[in-house]
Amino acid sequence: MGLVDAASVIETLEAFEPRYLPWLDRHDTLAVLKDGALPRPNSEAWKYTDPVPFFDPQYDVSDRGDTTPIPTTPSHTVGFESDTVRKLVTTYINQAVDQRRYPLAAINYLKIDCGVVIHVQPGDKTESIELGELDGQFQRVLVIVEAEARLELIETTTGSNRIVECFVAPGAKLRHRRLQPPGTGVDYNLVAINIAENGSYSLSQYSTGARLRRNDISVNILGNGAEAELTGAWQLNEALHLDNQISVNHMFAGGTSRQHFRGNVDDRAKSIFNGRIYIAPNAQQTNATLTNRNLVVSSEAEVYTKPELEIYANDVVCSHGATVGQLDTDALFYFQSRGIGEADARAILIRGFLNEVVSHADGRTLLGIET
Amino acid sequence: MAGTDNNSLDGLVGRDYAAGFVTDIEADTLPPGLDEDVVRFISARKDEPEWLTQWRLDAYHGWLEMIEPSWGQVQFPAIDYQSISYYSAPSGDQPKTLDDVDPEILATYEKLGIPLHEQAALAGVAETQQRPPVAVDAVFDSVSIGTTFKETLREAGVIFCSFTEAVHDYPDLVRKYLGSVVPRGDNFFAALNSAVFSDGSFVYVPENTRCPMELSTYFRINERNTGQFERTLIIAERGAYVSYLEGCTAPMRDENQLHAAVVELIALDDAEIKYSTVQNWYPGDEDGRGGIYNFVTKRGACRGDRSKISWTQVETGSAITWKYPSVVLRGDDSVGEFYSVALTNNHQQADTGTKMVHLGKNTRSTIISKGISAGQSSNAYRGLVRMNPGAEKARNYTQCDSLLIGEKCAAHTFPYIESRRPDGIVEHEATTSRVSDDQLFLCRQRGIDPEKAVSMIVNGFCKDVFRELPMEFAVEAGKLLEVSLEGAVG
Chain L
22 MGLVDAASVI
32 ETLEAFEPRY
42 LPWLDRHDTL
52 AVLKDGALPR
62 PNSEAWKYTD
72 PVPFFDPQYD
82 VSDRGDTTPI
92 PTTPSHTVGF
102 ESDTVRKLVT
112 TYINQAVDQR
122 RYPLAAINYL
132 KIDCGVVIHV
142 QPGDKTESIE
152 LGELDGQFQR
162 VLVIVEAEAR
172 LELIETTTGS
182 NRIVECFVAP
192 GAKLRHRRLQ
202 PPGTGVDYNL
212 VAINIAENGS
222 YSLSQYSTGA
232 RLRRNDISVN
242 ILGNGAEAEL
252 TGAWQLNEAL
262 HLDNQISVNH
272 MFAGGTSRQH
282 FRGNVDDRAK
292 SIFNGRIYIA
302 PNAQQTNATL
312 TNRNLVVSSE
322 AEVYTKPELE
332 IYANDVVCSH
342 GATVGQLDTD
352 ALFYFQSRGI
362 GEADARAILI
372 RGFLNEVVSH
382 ADGRTLLGIE
392 T
Chain R
43 MAGTDNNSLD
53 GLVGRDYAAG
63 FVTDIEADTL
73 PPGLDEDVVR
83 FISARKDEPE
93 WLTQWRLDAY
103 HGWLEMIEPS
113 WGQVQFPAID
123 YQSISYYSAP
133 SGDQPKTLDD
143 VDPEILATYE
153 KLGIPLHEQA
163 ALAGVAETQQ
173 RPPVAVDAVF
183 DSVSIGTTFK
193 ETLREAGVIF
203 CSFTEAVHDY
213 PDLVRKYLGS
223 VVPRGDNFFA
233 ALNSAVFSDG
243 SFVYVPENTR
253 CPMELSTYFR
263 INERNTGQFE
273 RTLIIAERGA
283 YVSYLEGCTA
293 PMRDENQLHA
303 AVVELIALDD
313 AEIKYSTVQN
323 WYPGDEDGRG
333 GIYNFVTKRG
343 ACRGDRSKIS
353 WTQVETGSAI
363 TWKYPSVVLR
373 GDDSVGEFYS
383 VALTNNHQQA
393 DTGTKMVHLG
403 KNTRSTIISK
413 GISAGQSSNA
423 YRGLVRMNPG
433 AEKARNYTQC
443 DSLLIGEKCA
453 AHTFPYIESR
463 RPDGIVEHEA
473 TTSRVSDDQL
483 FLCRQRGIDP
493 EKAVSMIVNG
503 FCKDVFRELP
513 MEFAVEAGKL
523 LEVSLEGAVG
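Chains as they are written, first to last, in this note's numbering: chain L, 22 to 392; chain R, 43 to 532.
Source of the hints: derived by calculation from the structure; they are not laboratory data.
Source: prediction; values computed, not measured.
The beta-carbon is built from N, C-alpha and C at its ideal position, and this holds for glycine as well.
Do not take every clue at face value.
Partial pick of chain R residues on the chain L-facing surface, computed with a CB cut under 10 Å [as the list claims (entries may be wrong)]:
no., residue
1, TRP113
2, MET429
3, HIS454
Over 12 Å on every C-beta distance to chain L, these chain R residues come out as not near it, computed from the model [what the hints assert, rightly or not]:
no., residue
4, GLN96
5, ASP211
6, THR251
7, GLY281
8, SER420
9, ALA422
10, ASP479
11, LYS494
Quick look at which bits of chain L chain R covers, simulated, 3 or more residues with Cβ under 8 Å [claimed, not checked]:
no., segment
12, 243-254
13, 311-318
14, 338-345
Here chain R stands alone, though its shape is the one from the complex (with noise of 0.2 Å):
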């Protein structure tokens, strides 16, 4: 690898991890422990129904019963899961709207860049045609503290607010949903989610309606010692579109922090649901101390004929990912995608893919995932794509591409095809190399630094992931890569 110049590069690692800063405000935190008093605790200050309190302790008694997985390709001390703070709140009632929120918080997420006012992100509409509006639901660690745009996708007759809210206003459908795509005893971290989960998103949208803006989810943690369990339900009725982003950070801290979400999506006949994510927890420092253990479910079910699902990630942070959004494709005709990139620098580890479960005919899915290995770290892609007895016609591709970069990296390739079809295609393929001095040194040739010229080529390997992002996070992705790679040439 090409040697670069360490004084531009030092100048550099300053700013890092920009979301690591830590908001200073008052916080109702539950003691460190986990028990029935705890599920009770954190269903009752939600208010919830009897049924909801009597899911949560049968998730609760089906978690004591399981054992943690082992078999990811990842290696990390034993979590004491009773050293957890399940709930933390900022203190005070909640609030009603965002004039009522605490100015810290509003501030944090100012200086997130993430738009909490709607005035603020219309003007910058008639400003520009290059930022159209989103609808923000904050979730500030176990709470959400507000969702812009409520009263305009009321209109057009969709529902976006926290779960909290939802459990109320909209019992029926999320009695109905929750847990029918994820069981509550899926496995060991949803069954804990289920067990303790506070708040998170609820996304409804309509028959035949196209929801009329992106909505977006940010997560971020800020207490210490807690961990995050949100759940998002997004459900699109026949006909209908949405779009949904993620994002999520936290404050720098030398602990490590569990993050344990479930995402349930469900789309009906001719719906579909994009849904991207660019994740940006604490990756730890470079000596691989602290940083968020990102252990999360996701999985869409198309269960309506000619429904689409596709998931879009850019993984850049956290010490630790587990993660596999998958499709179960029952629908006929339905598709499901999976566009990914994870990049893993210093002492990061990931192991993450997909799953696309295909059960109706002429189901088709596309696997695209690209991973990135620097430094120290460890970057698997496991996968599992099965054709079902009666998936007739069914089709997969799926092409995965590992970059390394760096002596003492690892890059891990684990794709279980399994197939009952005779009339179903199923394809793989896979490549594992480094950057090419080739490459590198015509760039060079032409000029450009050897940090630069990286960049570019990492840009290039990941184009077409980043073609499926919406705009601003594809940019956002862009330049999340550059600040995650600093310091990884040389």
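Only chain L is shown next, with the shape it has when bound in the complex (with noise of 0.2 Å):
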């Protein structure tokens, strides 16, 4: 793995003077990466992926697609600029990212370029919001969903350091559906999501592989009686490369969290996968599940999984399950031994495999599984 200059990365991230949003306090975040927060050589988080193309400079992102125009409703708000949006911003942002954890994040609020802030009044509970590209490369997204009210999220982002922050109050329910069509260039995203007590948030993630694509996803459980689900699936083929870093942290007693992701990764493809459960001292009652299933389907193709608990509490029902296999030879000969072709029982296969993630219609035709 190459090595981060973080010298460089600091004088050019010192240099840059912001245009959009002025008005923000960048002061904190710069000393964060100044002290450390950089990856250093073997770190941990950039085991399997060269993090270096991520920090260069001159940023290389995917071809984006087109830009599509933000839809406007009643109750949410466009564009970081206005007056009315400033402080949600102030009070909002950052909150639940820990800059240390995920530097990209930091260099994101340094040179952020644009952005939406979707607020749902308390009890609306109609809210649907596609959102597509964005104009800009270093893009925040930032969503409050107040209490009792529900909102369902569709997000498709195919180039770009993009950052989606979460806020979900008491009671409160979202629905988030992100659609990650195939890149060329080098892919940034972070998913941190706040929840407290009560609150529900549900993540189906769709994703094919860019030159380097990193999905991080940071959710916290911060009440009793708050749920995640995160489910996700993956199509890898060519020399597509897709990591995701997930990280389900239980700082609250009575919490509950599912976690359930299945890849198929074909050719030269390289498939990273780090899920982590932690539960903090005092986080009892808690209930945390993983599982990762991998299929390899070509001798090049490479799979890295690590289903990680960190628990610091007793009373808690804790589980983790990985595997790495291939497609069931009995179960193919089955198909053949009735007259269909080896290449469709794969095909098919692969499709049964994948659909126990999958459970939307964009999502199959993304994977290319439709029935």
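Need the complex rebuilt from these two chains, each delivered in its own frame; the hints are there to steer you.
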């Protein structure tokens, strides 16, 4: 793995003059980066993905799809510039993001060049918002779902450094669907979620890879009865690269989290998955599970997976499982004995494998597993 | 958690760590500090050939350049490597036979329940069939003080002796295999060990030989401010089989002592090595004072086709444990196994697990790890399963479970899976939970007191691992768990 030249990264950031949102206080963030937050040699978080291109000042993003206009509805506000959202931005931004742990999010904050605030008022249950590509390289999406409100967010992202920060208030529900079409460059994404008491967040993420694509997901369970359900499926081929790093942090007692991720890896593609369940001291009565299953269908594909548990409370039930395997030869034979060719049989089995965690038609289309 | 009768608990605390006594003997101990002269002194003291002295010095120079690893899920104040004495041996000449050994030392092993007299052990066989003879190599601080049943073993062609003897009597074997599994620059602690290792055991089992008895080494740290750096090398030739046991204890002291060992196993075609450890180094007191830092590198190489290496470990001692007995599966159809019970109580910390590196075709590995955390301890499983591109149809199954006893303990799991084979299968599953109230209730309802009930449940939890231990060890391991858990309930 390459070595990130911390001094030159800092130097570029110090020289950077923000034109967008000049009123944001960037001082502390720069201090965090200066204080050793940038990846060091042999950094555990960058064990299988080369960090250098991500921190390159000439950051090379994928060709983005067409920029889509942001839909406007009465209960949410667009853009970071307007005075009405300024208060929301200063109140919420970086509250769910651990900048020390996610230095690319810190860089995003320093260099932010476009953003959206979605603010769902208390009790509002009608929202469904589609969010496509934004017109910028360092994108920031702030989602605030107030008490007892509901929101379905459907997000498509291909190439950029995008941070999606969500706040789920007590009793609120956020359904989050993410679609990640193939990219040609270096993509970085962070989804950071704070869930309050009895709040519920669900993620359905459908991914393909990019030249280098990194998805960081950080979920903080901050109240009794808070729930997170994360599912994801990926289909990688050619020389695409996908690195999913997930951390579900149970900071409060009585939370529940379920994670289920499946991937199919073909050709020379490389799939990395790191799922962590962290249970803080006193986060008793926590129930947390994690499953990651991988199919490897080519002799040159690489799969790296690490489901982690880090537990500091005793009255908990946690489990995780990970598998790496291939298609069942008996099942393939069964299909062929009934006149279905090998290629079709493989496609059907792969579809069946991924379908366990795919519950949306657009997800199926993206992954190429329509029935 | 159910409450317990405190009076009965108090009575038990006294016998917490039965092996914690000190043997009062004269010892020649090097003053603390580490430099080239110390390395040369140890080598000269053992009358080693030039190549080995040079090997040590190379390791020492490599070590100077290395950085102490910090990735473990353990915390401890920085170790001052200049404050440790790197060599300590009972005074006087090296005993030639067990009869020459200081009676105080013999009494020590007697007290620890380790039979150092062949007659006694043999008599045991005559009386009951339960206790087959076990050949013992006893290592006291930096030296081996004696090895039993050497003659019986020699008749079978098996070499079992101290490392120092092996260097003199079988220099070719030592030179061929030393450092071939764990290179001297493998990691910080292995490099340190390579520079200053003082003794240890050497086993060579010739072709098509089944070692006629269990072999065992018993490690004892006695001197204050010393570290123990032993080296074990086991070679099983084609078609050979050997079962090797390892036990260890140390006195109770308020300061920490370092134990950095290296174990290398080599299995050639169709050979099998079974390596069992019951690790009971002094764990420190209930406030976390004292105890052994157990930083050990253990690795086996399945070099031959159809070879097998099996690690079984019961880890109840040490203030800090940092060890990952591993298997490199190079031979086709070779098998690696790792069975582990790691128990931490009070302020103990353990970061332990295994690595299974699949290189050959049809290689298989099984990992069963049971972690039990009690008190304010921290217990982490860290493992790696790697399927390299040549490991056609390789197979791994991993199960690691953690049991939590007490509100302030911690349990972690860090399993790395790296697969580069389309036809390899890797399965990993892990659970973490506490002793369930339902199970406890059921036991108590039947008149079993809470402490016994927890002990029973824990024993059941560890059953899969104990089953792999030689019988005597399994009994000892069960008892150790009971003792170590005392005071953890309530």
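Structure-based check of each hint:
1. TRP113: OK, holds: TRP113/R within 10 Å of chain L, min 7 Å.
2. MET429: With Cβ-Cβ at 8 Å, under 10 Å, it holds.
3. HIS454: holds (5 Å)
4. GLN96: Nearest chain L Cβ is 30 Å from GLN96/R, so the label holds.
5. ASP211: Non-interface label on ASP211/R holds, nearest chain L Cβ at 42 Å vs cutoff 12 Å.
6. THR251: holds (39 Å)
7. GLY281: Answer for GLY281/R: holds, closest chain L Cβ roughly 33 Å.
8. SER420: Its Cβ does come within 12 Å of chain L, the nearest being 8 Å, so this is violated.
9. ALA422: Label violated. Min Cβ-Cβ 8 Å, cutoff 12 Å.
10. ASP479: ASP479/R not clear of chain L: closest Cβ-Cβ about 10 Å, inside 12 Å.
11. LYS494: Non-interface label on LYS494/R holds, nearest chain L Cβ at 20 Å vs cutoff 12 Å.
12. 243-254: violated (count 0)
13. 311-318: holds (count 3)
14. 338-345: holds (count 8)
Checked against the numbered hints listed earlier, the structure breaks hints 8, 9, 10 and 12; every other hint is satisfied.
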